[in-house]
Amino acid sequence: MSDQFLGDQMLDMFIFETAQLLEQLEACILDAEKDGAYSRDAINEIFRIMHTLKGSSAMMRYDDISSLAHSIEDLFYFLREENPGIIEYSELTDLVLAGVDFVKSQIGKIKSGSAAEGDASKLIADNREFLAKLKGSNPAKQGADTEKKGPDPGEQEPDTEKQNGTSDRKYANTFRAVIRFQEGCEMENIRAFGVIHNLEDVAGEIRHVPEDIMAPEAAEIIKRDGFTIRFRTDCSYVDIHQLLMQTIFLKELELEQVNEADAVQAVNEDRPADYRPSDHRADRTDEHNAQNVSRDHTSHQNIISVPVARLDKLMDLMGEFVIAEAMVIQNPDLDGMELSNFQKAAQRLDKITKEIQDMVMSIRMVPLAATFQKMKRIVRDMCRKLHKEANLVIVGEETEVDKNIIEHISDPLVHLVRNALDHGIESAQERLAAGKDKCGTITLEAKSAGSDVLIIVRDDGRGLDREKILKKAKEKGMLYKPESEMTDKEIFNLVLLPSFSTKDDVTEFSGRGVGMDVVVKNIEAIGGSVLIDSKPNEGTSITMKIPLTLAIIDGMNIKVGKAIFTLPTISIMESFRPKAGDAFTDPEGNEMIMVRGKCYPVLRLNRYYSIPAGITEFTEGIMIMVEHDERTLCIFADELLGQQQIVVKSLPEYIRRFGKVKGLAGCTLLGDGNISLILDIGGLIYGREA
Amino acid sequence: MKKVLIVDDAAFMRAAIKTILERNGFEVVGEAENGAIGVRKYQELRPDIVTMDITMPEMTGLEALKHIRSFDPDAKVIMITAMGQEHLVKEAILSGAKSFIVKPFKEEHVVQTLKKL
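Residue numbers (numbering that gives the first Met the number 0), protein chains in the order written: chain R, 0 to 689; chain H, 0 to 116.
Because the hints were derived from the structure by calculation, they are not lab data. Careful: at least some of the hints might be erroneous.
[As the list claims (entries may be wrong)] Some chain R residues near chain H, calculated using beta-carbon distances under 7 Å: (1) PHE13; (2) HIS50; (3) THR51; (4) SER55; (5) GLU185; (6) MET186; (7) PHE192; (8) ALA214; (9) ILE247; (10) VAL257; (11) ASN258; (12) GLU474; (13) LYS475.
In this text, a Cβ means the ideal position worked out from N, Cα and C, and glycines have one as well.
With the rest of the complex left out, here is chain R (with noise of 0.2 Å):
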């Protein structure tokens, strides 16, 4: 694209507005797909996204797209011309559907800087095979055929008419023109209509070569033989020669005045001997400019693109700030004044630089539409190759979130989609039987709870078997509880650990038992968890959950012997001091605290990470309760320090090598220049069960 004279702005626009049609074409063809019928506004509508993408790719010279682009539009133009009735609309939406996604891998290869190379041959050859097969099964509206290949029936040429009418006027002179057009300057018939468009206000008697300036061959004769004009008119030659020079994309005029007998011999002579059609592109001349662009392309934007790398550094710098924030405000320096004024301006400080990450993690937020409505596609899809019916319902599309999160969640989303399609939606005869509707329903829904997005795909099939999976399990030696104490979610959400797969046969969507636990590590590489729920015979529903931000949080610093933990804010419950009769231990030695007539279980974190000082009175320490997934645990420290915004810094890569730190969600730098451990909430729970 390097001699482009369109520069690399345009081909961001490009780039942009591609995008942008397709999105509108997929669910323009999605919709009518629903409706079970392309309207004329569809119809026109994806005539003209398809005539826009043409022209703007031919621009750029992807000429793959623009020529698939053209297949299509050529398709459309019989639709919106012919108005064919039955067609076989599922069998076109597939074809177009094919052609959106080369157009898609064909822009992201564009968008990566790689070439741009794909052979659309095939899909353009499908799409004019199905064109052919409309025009075959509509024989009594073939006559018209599309626009390029021919004129109306019944159509008169302008000049014939004239000629016809002024047949009785007699002109003085008689002339004789060759004109030839530029190379490269396209439809030389139609620039030479114009001509004698220009001709009829002053001549008669119009004859020309080629005759039918329509016809489709008619601008190959004219590139290569020329435009051969023969009229009569009451204008000098200085007249006529001076008109005719006036034509756009002139290359060379011949024009002399002839002997009036001679006239009409002259033109049949000037009819080439062959009429063979060459191909119409073949011989078009690829010079082009290579001119540099001037950037003084001036845009009227009220918003800016701005590449991602720089909000990741912004947001790396905002954390930072926050550290050397607190590194000013906490300085041990200050222990034990009475500084008013410090405080108060610290307190602004404090202030601003809350405003000023929560401006910054808005800038971050993206909605999940686009996410959300890609599944459309995919439940569509699915529902064609698996011979299922359903429908996909979108809820809170307009929830916003990291745009980080997004990329990490993407796949995720398509996997649990294909699996609810795959496993949980039944057959329509099954559901019919079953006595429900006979069109499933899945629904992705988005909502925010607290610090975190909930996702949650949802379907009403079949719901997850209950035994199938504790058989598995314990053929797989997966179970880590006696059977009798599992829970039905527990035994559901052994789904998630790897290798796991209760379907025996293998289809093309849902893969061979690395799927779930690929959604897990997906979604925990982003702090978040998944839970699964299901009732036999109603549907699964299988819920996402991820923190809404990822690097700065609110935080609990506790403090244990010498060490200090952080504890994320939003997973603590309540601290309170234990009271002495309260602790009490269960058979297997673990020990258990009652509170409000209810147990839960104790982590000491002395103990848990073998600090040697600390408090072991449960009296004289205060145990914090934390939840996560619905489970609870009693967390003993010694004491609490305070609460302080902490930007989350991952675990140096020598530590995480040991593979032995856990419970550990990373670290953070704190005010006084310490460090301290975030404690990950959900490892502590899961560790000591497993």
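Knowing the structure of chain R, use the given hints to seat chain H on it.
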């Protein structure tokens, strides 16, 4: 400096034409994304030249051309077209379009066509 109004539904095309015209001594006084807006802007801006895409939503370039010519018979309208639209271009010429440019166009084609008006 000749004043030009660009009518095209594709932002990409408008930007391409604008880039070309502005570095060749034309002043782009307005852009419109469909025929109806194009007609309105023509009345408002009275440009010397209009580049008019044919296929557009709301009102096609052909209709817009006819509208413009109906209240300004001297209007200089150049059609922007694509291969396969020969019949529409022919109709446009019959309706008073001065010339036409075929997509994908080259810079020199655009400049030549507009300069020759």
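Structure-based check of all given hints:
{"no.": "1", "hint": "PHE13", "in the structure": "5 Å, holds"}
{"no.": "2", "hint": "HIS50", "in the structure": "5 Å, holds"}
{"no.": "3", "hint": "THR51", "in the structure": "4 Å, holds"}
{"no.": "4", "hint": "SER55", "in the structure": "5 Å, holds"}
{"no.": "5", "hint": "GLU185", "in the structure": "4 Å, holds"}
{"no.": "6", "hint": "MET186", "in the structure": "5 Å, holds"}
{"no.": "7", "hint": "PHE192", "in the structure": "5 Å, holds"}
{"no.": "8", "hint": "ALA214", "in the structure": "10 Å, violated"}
{"no.": "9", "hint": "ILE247", "in the structure": "5 Å, holds"}
{"no.": "10", "hint": "VAL257", "in the structure": "27 Å, violated"}
{"no.": "11", "hint": "ASN258", "in the structure": "32 Å, violated"}
{"no.": "12", "hint": "GLU474", "in the structure": "58 Å, violated"}
{"no.": "13", "hint": "LYS475", "in the structure": "55 Å, violated"}
The structure fails hints 8, 10, 11, 12, 13 (numbered hints given earlier, in ascending order).
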